[in-house]
Each structure stands twice: as structure tokens, then as C-alpha cells.
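Undergrad: Read off the chains here:
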Amino acid sequence: MPAVPTSWSGSDLTSPVRRFAGSLICLERIDELKSIHEADGQIFIGSCVSHTKLMENLLIQKNFPLLIQAVKVLGSPPIRNMGTIGGNICTASPAGDTLPPLHTLGAIVEIRSIDSNRLVPLKGFIKGPGKTALQKSEIVYGVWINTNQDYNVCHYEKVGQRKALAIAIASFAALLKLSESGIIEKALFAWGSVAPVIVTSQEAEKMLIGKPLTAESLKSVVPLVEKAVSPIDDVRASAEYRRMVAGNLLFRLLQYGNHGST
Amino acid sequence: MHSEKYLLGKTIPRFDAVTKVTGRERYAADYYGDDFLWAGVKRAGIPHARLKGIDIAIAKNIPGVVAVLTHEDVKGTNRYGIIRKDEPVLADSKIHHCGDAVALVLAEDKEALRCAIESITFDYELLPGVFDPEEALKETAIKVHEDSPEGNIIRYVPVETGTPESAFNECDTVIEAVFEVSRQEHAYLETEAGWAYFDKTGQLVIVVATQTPFRDRFEIAPALGLDMEKIRLIVPYLGGAFGGKDGITLQCLLGLAALHSGGRPVKMWWGREESFLASVKRLPARMYYRLGAKNDGTLHALECRLYFDGGAYASLGGEVMTLAAEHAGSAYRIPHVSIKGWCVYTNNPIGGPFRGFGVPQVTAAMEQMVDILALKIRMDPLEIRRKNIVRQGDTNCVGVTLTHSTGAEECLRVLSEHPLWRGKDTWKKSAAPFKTRGVGIACMAHAMGYPPIVPDVANAKIELTEEGKIRVYAGVVDMGQGNASTYLQMAGEILSQDITGMELVLPDTERTLPSGSSSASRTTYTYGNALIKAANTLKMRIFEKILPLIQGSDVNEFILAPDRVIHPPTGKEVSLKEASRFFSESERVCTDTFIMPVVEGMNDVIYMGPHLIYSYGAHLVYVEIDRLTGEAEVKDYLAVTDAGRVINPQVFEQQIQGAIAQGLGYALYEDYMVDEGVHLTPDLATYIIPTSMDIPEMTSIPVETFEESGPFGMKGAGEIAMSGPLPAVANAIYDACGIRIPRSPFTAEKILKALCKLSAIIFAFFISKG
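Residue numbers (my numbering), protein chains in the order written: chain A, 1 to 262; chain B, 1 to 770.
Watch out, some of these pointers could steer you wrong.
Stated by the list, open to error - In silico lysine-lysine, DSS-like type, Cα no more than 30 angstroms apart, as pairs:
#1 K163/A x K753/B
#2 K753/B x K219/A
#3 K750/B x K163/A
#4 K435/B x K211/A
#5 K219/A x K757/B
#6 K53/A x K211/A
Don't read these hints as lab results, they were simulated from the structure.
Throw the hints in and build the complete structure from the sequences for me.
TA: In C-alpha cells, the structure reads:
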């Protein structure tokens with residue numbers, strides 16, 4: 001098993017890390033790591049599935065449109081052709097585009113080594129920027145996501161410095177279950193790029209349950225979101241802006257307000 | 001003499017299209033050969049320091065390293081610069097900015113080169129720096145160049161017309177504002193590259209991506225202690241330049257490397273990060289504007305102070321700021337004007353030429369001023385522009401009477417009748433939730449050519465080859481804009497040849513003739529005029545040679561056709577190949593010269609004198625603001641341009657579209673950030689340029705005035721459209737949501753914060769009203 005770094009596609013090595021000197025093991029030719037299949041009410045996405053393949057896959061389109069929305073705005077066509085979901089997870093960047101949707105969908109990471117096999121929820125897998133629960137000699141085999149997701153609204157949005165080839169300044173994934181009369185019955189949120197790891201807020205989610213999907217309802221949880229995030233200043237944006245946007249993006253959900261009643 | 005329209009005004013495929021899209025065209029970076037060496041540079045990485053010693057001992061002993069050079073190895077003056085010789089080939093006494101070259105390494109391969117560069121260290125005493133142009137002007141400011149006679153001032157330019165002092169008292173309305181524009185990086189696809197060697201005759205040959213092959217020799221020779229006559233520059237097509245290769249980039253370093261390579265060819269090719277670190281940038285500027293008008297909207301007085309950050313070396317920063325001063329009043333009649341401009345040294349990246357050459361900065365300010373004024377006197381932004389726009393015969397804001405083609409008003413008329421202008425209110429009303437829409441316009445003018453004290457000359461050379469082909473020797477670089485192809489189109493028009501059957505020699509100081517720089521919107525105009533003269537001479541010479549052969553009576557009876565000469569009275573035809581046999585070697589070549597007309601007798605108005613001929617434009621933009629994120633999305637764009645007659649509609653449109661895209665980048669994204677001289681956006685991951693996804697549909701309409709002095713009536717089209725996008729977007733943002741952001745680019749963050757501030761003010765207002 002690898003005593004040297006493993007790589008899912010190497011797409012990150014083509015950018016500023018051009019100087020990388022050392023050995024790499026590429027996993028991209030292992031067929032089972034490129035598989036997407038359904039088993040026991042779960043869908044398995046192999047770690048070497050490229051973003052393009054993910055977008056094109058009918059199972060994913062049918063079950064997890066939220067993930068499709070996120071991958072569509074990831075990088076650019078060449079990056080989506082080369083980059084993989086395993087790479088996006090293991091890079092463990094707070095800006096990783098697949099991470100907020102995978103969080104809300106409750107993805108489980110399957111880790112394998114030559115003599116072991118373990119499952120870790122994504123939330124526990126990512127420890128910090130660039131840090132994961134992966135041990136030496138382990139690889140991410142893939143992720144498992146339950147198909148019985150109980151929601152009828154999904155939304156992903158990335159705020160970047162431009163429309164393509166953009167690193168998220170802030171991103172937001174949401175799953176809502178709205179009743180026929182427009183009452184929020186279930187809510188799951190995740191924010192990217194506003195803290196060292198993906199941010200969730202059970203407080204905010206709970207507070208919205210039973211309320212109508214209105215600006216007033218959303219406004220009431222903005223302080224909770226602003227409290228949950230811990231953004232940084234960098235060359236892309238200030239912490240202040242990231243905090244403002246994290247709260248503001250909630251209001252985009254209003255466009256789905258008539259969902260249950262039509 | 002010439003009446004038929006053979007190739008003129010037609011979209012014909014560019015001569016370079018096939019070789020470029022198939023990857024066969026050889027750029028400066030594509031030169032490799034046997035036994036060559038890589039050359040690379042150790043950069044300072046610190047903004048201001050006294051250099052005390054350079055330790056190259058380790059580097060020299062690295063296997064594969066052939067030579068490690070410092071300033072001590074430079075035999076010439078070790079200084080270059082177009083106006084001021086203030087830039088060292090290799091830093092000696094001081095380091096003036098982070099991109100300074102400290103040592104030059106020659107190595108067998110890139111890995112040895114990298115190791116050697118990393119191993120070089122230097123002793124230095126860090127000096128406090130100066131990083132703001134206004135700070136740099138203070139008497140107590142740190143001096144960037146201690147030997148500079150005017151301290152940190154690279155150039156101070158005052159312009160005054162009328163009686164500005166008293167004129168402001170005659171105004172009904174006076175408005176004031178301050179604008180800041182960012183430092184913009186060219187980000188050409190092709191980073192700096194070159195190949196150099198000494199040929200058998202002892203001549204230094206440099207194949208390099210430069211806009212200025214002939215002028216570069218004047219800089220390389222004294223800096224390295226070489227004879228100018230023994231330097232030959234060969235310039236392939238450039239993969240973009242936009243002004244960033246106007247002058248020396250790596251030519252001196254390459255020459256120095258070739259002097260120490262033991263006779264082997266040397267190759268240098270900067271990576272993206274080195275290109276960003278070392279290359280010139282568009283000068284950031286802070287501009288204080290005061291504009292006065294009568295109640296009916298007539299502009300009456302303008303006062304401005306322009307502070308341009310020239311960075312560590314003069315480059316053409318002073319000249320950039322001077323062109324800015326000349327254009328500070330945009331395309332309007334303003335009788336009373338006081339403009340003062342300073343270009344100053346700082347320890348920031350070097351400021352230099354960039355498409356627009358100072359004009360985008362001042363147009364950004366002036367065109368916003370016009371909108372602010374229009375709002376204040378409750379006038380339509382289009383109407384106030386139409387009222388004040390310059391017409392032929394008018395005097396512009398620096399007192400020059402515009403005697404040549406002046407289509408600015410026509411640009412505005414076309415804009416006013418366009419569906420995008422007429423339908424703007426409907427479009428604005430149909431915004432989605434949390435979106436707000438605005439429409440902005442801007443006018444612009446751009447002077448063509450060099451100022452009067454620098455004669456704008458081109459020398460064309462055209463040949464009938466032994467094979468009967470027409471060969472054009474282009475002395476001006478084609479940096480991607482397609483001028484070389486246009487030369488063939490012009491010569492082909494006169495000589496009735498298809499451009500695919502013609503031949504082209506790209507700039508080579510040994511084979512082509514000096515024709516000035518590829519810059520200043522003058523490339524096609526000046527060379528094209530010289531070429532037309534040379535091509536007509538060649539045409540008559542062909543007829544004269546054929547006349548006895550055909551036993552014709554009059555040269556005017558002949559006509560040319562692809563590959564042949566026809567004599568309609570007799571129906572006889574002679575192929576050009578056959579015709580060429582009647583030419584001696586020297587007769588086959590025709591040369592001619594053209595000098596651009598200038599304003600006479602007004603050189604005291606402004607440093608170097610004012611310009612005579614201008615291109616004009618009027619732009620319109622649709623912008624949609626997202627109130628939740630602050631993002632400004634450009635939804636539609638219209639550019640109406642007077643660049644005279646259009647020779648090739650597609651090549652023209654490419655220039656306009658390219659400038660709009662670069663201008664939208666300047667308006668919304670591009671900000672080469674530096675903190676105390678340290679680069680914060682050192683690569684394309686952090687320095688944001690627009691992608692194809694960020695650029696809207698662009699409509700380009702040429703109004704096609706006929707410029708009498710131009711080749712087939714054309715004027716320069718390369719820069720004019722660069723100045724419109726920023727102010728048009730700024731005006732659209734104001735139109736959408738009532739905010740004006742003093743410092744561009746207008747990022748989502750700045751817009752959202754301004755929106756929050758505005759809503760807080762409105763909220764406070766309603767609270768106070770109870």
C-alpha cells in the first residue's frame with residue numbers, strides 16, 4: 001500500500017504546485033474506483049469518478065440534483081474532466097465545491113487499506129483545511145449516500161470572483177422539505193469557505209421547522225448563521241463579506257416558496 | 001489610381017489563421033536547437049534594499065551550471081530605459097522593487113537552473129519604501145532613486161487652456177469627485193520568451209517576443225557594451241503583448257547570457273509567476289476631478305490632478321500619464337481646462353504601456369463625472385454627451401482644432417437609435433427577485449500615433465519575388481492583432497492578389513525596415529500608408545517592364561490579376577513569374593516612407609506636443625446586480641466605434657471585442673494587488689481575469705468615417721474600445737442601485753458593502769422622518 005502520496009487525478013498538481021518533486025501513485029485506472037452503483041438504498045460513488053462523469057450519471061441526476069448543481073460550477077470543463085470526487089474530498093479545502101452538498105446529503109466515506117475497511121461520515125473525515133482522517137496506507141475508496149433523501153427543494157450556490165475557474169468565496173447548499181402549504185418541515189444547510197471546515201447549523205435548521213418559507217422566517221435565523229461561521233480575510237474577500245453573504249444566501253430559497261402549493 | 005474593391009472591406013481569413021490554429025506557427029518560445037543552454041534569473045523578492053553582496057559560490061558548483069553572472073559581469077552601462085536609463089540589467093547598488101533581477105544563471109537543463117537560482121543568496125540592508133504616489137511626492141518621502149534630479153517625480157505635466165480659475169465662477173454647477181483605478185496586468189497568453197546566439201560574423205542574434213525590435217537595439221547595445229550594428233532582432237508573431245512587450249523585457253538578459261555561453265545558443269522563457277513579478281503593469285492612478293457646467297448642460301471648466309504610480313522605473317510611465325492628461329476631458333469641448341499630472345517613482349511594480357496608454361484611467365474618471373453632472377442638473381446622460389461631444393472643426397480640451405475625421409457624434413447617434421438603448425427601460429423593469437438592473441453609457445476618444453516631437457515613421461518594403469509572388473516585409477510587429485495580415489490585404493488590394501498567394505516577412509532588423517513600434521493605435525495606419533505607396537510603385541514598375549514585351553502603348557492599359565498581368569486591349573497575359581525575369585535584383589524591391597501628420601506649432605501645450613488624429617467610441621452596457629451577493633453581471637454590450645474605414649470587418653471586430661473583454665476585466669475583476677511592494681496576486685489563481693463565461697454578447701458597430709490621411713480611410717482601432725467598459729459599467733451600477741464606488745474594480749464585495757451602507761442611510765433617513 002502507498003507509502004507515498006496517492007492522487008486521484010493530479011489536477012491540483014498542474015496549478016501552483018508545479019514544483020512537486022517526488023513520487024505519486026495514481027489511482028485513476030482502477031476500475032472499481034470509477035464505479036457509480038446502487039446497493040441497499042444507497043448509492044456508491046467511487047473516489048476516481050470525475051466530476052464530468054458524475055454530472056452525466058443518470059442515477060446521480062435522479063437522486064442527487066444538489067450534487068449536480070455544485071459540480072456544474074466546479075472549475076471549468078477541463079478541470080471537471082480531470083478532477084475527481086475523491087480528490088475534492090481529500091484536498092479537504094473549505095472551498096471544495098462538492099463538500100457542502102455531500103454534507104447535507106449525509107455522505108459516508110469508505111476508507112480502505114490492504115487489511116482494513118472502515119466507514120466515516122464526511123463530517124468526521126475532514127479535520128481542517130487539507131487535513132483528513134486518512135491514515136498512512138489508506139485510500140478513500142468512495143462515498144455512500146442514502147437514496148431516501150426526504151426533501152423536495154435543493155439549492156446550491158457558489159459566490160466566486162467570476163463565473164468559471166473560481167474558488168468559492170462562500171458557498172451554500174440547502175435541502176428543504178416543504179409542505180403543500182409552504183411550511184418548512186425539514187431543513188439541512190451547509191456553507192463552504194466560511195470556516196476551516198464546512199459549516200452547518202442545526203440551530204438554524206431546527207428554528208425554521210414549522211415556519212413558512214418567507215423572508216421573515218429566514219431573517220430570523222441569519223444571526224445564527226453569522227454566529228456559526230468563522231471566516232477569514234484573504235486576497236479573494238474579507239471575512240466580513242463572507243459572513244454577510246453566508247446569511248444573505250438563505251434568501252435565495254424564497255424562489256422555491258411556491259413549491260408545495262403548485 | 002485605384003478604383004476596384006478587390007480585398008478591401010471584406011472579411012477574409014487571416015494569413016496567420018491556419019498556422020496558428022494548427023499549432024505550426026513558431027513563437028519565440030518555440031525555438032530549440034542542439035546544445036543550447038537555459039538562462040534564468042534570481043529575483044529580489046524584496047521591494048527596497050541596498051545590495052551589499054551576492055553569494056553565487058554554491059550555484060556555480062551545481063552540476064550542469066555553466067555560468068552565474070552578476071552586475072559585475074555586465075560590461076556596458078548596465079542601464080536601460082526608453083526615456084530614462086534607470087533600469088539595471090542586473091541589480092548593482094540597490095534593489096528597487098520585488099521583481100529586480102539580481103543574478104543570471106546559465107545551465108544545461110531546467111532542473112540545474114532551478115537549483116542554482118534557489119541557492120543564490122544576497123546580503124542587503126532593507127530600506128523603508130514608498131508605495132503611494134501622493135506620499136512619494138512629499139518632501140520627506142523616501143527617494144526611490146537617489147540620483148534622480150527631480151526626486152520621485154518621473155514626469156510632471158501641466159496643461160492649461162482658457163481661464164480655468166475664473167471659469168469656475170461662471171458655472172452654474174460645479175461637481176467634484178475622486179477616482180482610483182487599479183493596477184492591471186496584461187496577462188498575455190505568451191509569457192516573455194527569447195532565444196539568442198552569436199552568429200558566425202560575430203553578430204548577436206536575438207529571436208524574441210517584443211513590440212519594438214528596432215528600438216530595442218538602442219537599449220541593449222549600451223547596457224551590455226555592444227555595437228548596435230552588431231545586434232539583430234528577429235520577431236515572430238507574438239502571443240499577445242498589449243503594451244507589455246513595448247521595450248525591454250528579457251532582451252538584455254538574453255544578450256548577456258549569450259556573451260557567457262561559450263558560443264552556445266541560450267533560451268529564456270519566463271513562467272507565469274516570473275512574468276507577473278517582473279513585467280510592467282497598467283499604472284494605478286488617483287484622480288481628483290472638478291467639472292463645471294452651465295444650467296443647460298454645457299461643459300465650461302475642468303480641473304484635474306492626476307497621480308500615476310510609475311513604480312520602480314520610468315519605463316514609459318511619464319508618457320502614459322501625459323497621454324492621460326491629454327485625454328482627461330474625454331471627447332468633449334471644454335473651453336477652460338487645468339490639468340496637472342504627476343507620474344512618480346515608488347517601490348511598487350513597474351508601470352508601463354498597456355492598451356489605452358493612460359486613456360482608460362482618465363476616461364474612467366471623466367465619463368463618471370459626466371453622469372454625476374447629468375444627474376445633478378437632471379439631464380439625460382445621452383443628451384448631455386450629445387450637447388458637448390466634439391465635432392470636426394471643434395477644439396478639444398487641450399486646445400487642438402480637430403481638422404481630421406471626427407465621428408464621435410455619429411457614434412452617439414447610432415447608439416441612441418440602437419434597440420439596446422431604446423429598449424433599456426423595459427429591460428430594467430423585468431429584473432428577477434433580488435436582482436436590480438442598470439444601463440450605462442460612456443464616450444471615448446483615443447489619439448493615434450506618437451506625439452509631434454517623436455516622428456511617427458514607417459518604412460515599407462515590398463518585393464516581386466523570382467517566383468512571381470508578392471512579398472511584404474513588415475517592419476512592425478504583429479502581436480496578435482492581425483496587422484501583418486492586413487498589410488497583405490492592403491498590398492493585395494492594390495496589386496489584385498489573393499493574400500494566400502502572397503508572402504510575408506515578419507520583423508527582422510536585418511531584412512525589414514525600421515517602422516516604429518507596434519503600439520499607439522498607429523501600426524496599421526502608418527505602415528499601411530507607406531506600404532500603399534510602395535505597392536503602387538511596384539505596380540507601375542511591373543507595367544513598365546511588361547510594356548515593351550506586350551508592345552503596348554500605355555502602362556495604364558494594364559491590369560493586375562492573381563499571379564498575372566493582363567493587357568485588355570490585346571487580351572495578352574503575362575504571369576508575374578515571367579514578368580519578374582525582366583527585373584534586376586534591386587528593381588524587384590520597392591520601398592517607401594510615411595510620416596504621420598501632426599499638430600504644428602503647439603508643442604508647448606503639453607510635453608511632447610498634442611496629437612492631431614483621433615478615433616472615437618460610444619459604449620452602452622447592461623448590468624445586473626445581485627442584491628444578495630453584490631455580484632455585477634454584464635448582460636449585454638454595445639460598442640459603436642469611429643476608427644475610420646474598416647479594412648477587414650472580422651479583424652476589426654476582434655480588436656473591439658478583445659478590448660471590451662479586457663475593459664470589463666478592468667472594470668469588474670482585475671486588481672494587481674501589492675502590499676508595501678509585496679505582490680499579493682502573483683499568479684492566475686489569484687489575479688482574476690474574466691473567462692468566456694463572464695463576457696456577454698458584444699455588438700460592435702463601426703460608423704466608418706473616412707479618414708482622408710489614412711490608408712484606405714482607416715484609423716487606429718486597437719485601443720479605442722479599452723476605455724469604455726469601466727465608466728460604462730460604473731454608470732450602469734449607479735443606474736441600477738444608486739451607488740458609486742470610488743475605487744475600481746467593482747467587485748461583488750465592494751458593491752454589497754456599498755449597498756448595505758446605502759440601505760442603512762435610507763433606513764436612517766426614514767427613521768429620522770418618523
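Undergrad: So, for every hint listed, does it hold in this structure?
TA: For each hint, the structure was consulted:
no.	hint	result
1	K163/A x K753/B	holds, 20 angstroms
2	K753/B x K219/A	holds, 18 angstroms
3	K750/B x K163/A	holds, 17 angstroms
4	K435/B x K211/A	holds, 25 angstroms
5	K219/A x K757/B	holds, 19 angstroms
6	K53/A x K211/A	violated, 38 angstroms
Checked against the numbered hints above, the structure breaks only hint 6 and satisfies the rest.
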